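Novice: Sequence:
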Amino acid sequence: MRQFRRRRFLLHIGIAAPILAYVSVGIAALTWPGFDHATQYISELGGEAAPHPAIFNIGVLVSGVGAGIAGIGFALSVLALGGARVSAAVIALCFALAGVGLVVSSIYPWPDPRHLAINLGLGIQIAPLALVWALRKIEGMGRLRVFLLAVFVVMAILTVLTKHLIFKGLVNDDNVGWWERGFAIVLVGWTGVAAYVLERRLLALAKADSAVEPA
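Just so it is clear: in the sequence shown, position 47 is 47 by the working numbering, and no numbers are missing.
If you are wondering where the hints come from, they were derived from the structure by calculation, not from laboratory data. Here the structure is a predicted model, which means the values were calculated and not measured. Where is the CB? At the ideal position from N, CA and C, for every residue including glycine. Certain hints may be false.
[As the list claims (entries may be wrong)] Here are the computed distance ranges between Cβ atoms for each label pair: (1) Pro51 - Gly82: 45 to 53 Å; (2) Arg136 - Ala49: 45 to 53 Å; (3) Asp209 - Gly34: 53 to 61 Å.
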């Protein structure tokens, strides 16, 4: 009987990691009176000027470890559902790079130049496409595939805008913080949604197997 307990446990971590990231950022911001979300970067919450930088940095560290673990869960779940090995490997690699970037950036807080390792997390933008490819022949995953494609498009648009490739005056010093937060919500949040959908699918398959087992 297929129980998928280990895979589902890894996906649970994938659900929890983005929630923890949001919570740590929120609490860190609340402990800094006068923190300006419009003009200040999120990373400043873990910098020397922050009243309690450990809140942010520990949250990022744990979330980074969780991202790496979740990537393994995504890859194994894709394989369990009949997805391709190559796409599963790409997914795991994307999450591993994101995890390394988050961990390193938490060890070397802003403005340490090594904090820029957090940009490794941008590689996770490829993961939605790899996941769509992995799930392309699996029935019942149509809505998830549409969601992942939409997420990829939104992240691509935000990348173009925040890198000032077009509409160069749209993102400026007066609003860059809000753009960064919007990007972060999409970049991190989709992983929790996808992990939840895959975990529910594995649970449904396990229950179906249990129902047809001989007494």
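Novice: Within 45 to 53 Å: is that where the Cβ-Cβ distance between arginine 136 and alanine 49 falls?
Specialist: holds, 47 Å
Novice: Take the C-beta atom of proline 51 and the C-beta atom of glycine 82, compute their distance, and say whether it sits inside 45 to 53 Å.
Specialist: Given range 45 to 53 Å: holds, Cβ gap about 50 Å.
Novice: Quick check: does the Cβ-Cβ distance between aspartate 209 and glycine 34 fall within 53 to 61 Å?
Specialist: For glycine 34 against aspartate 209, whose Cβ atoms are near 56 Å apart, the range 53 to 61 Å holds.
The earlier numbered hints are all upheld by this structure, with none contradicted.
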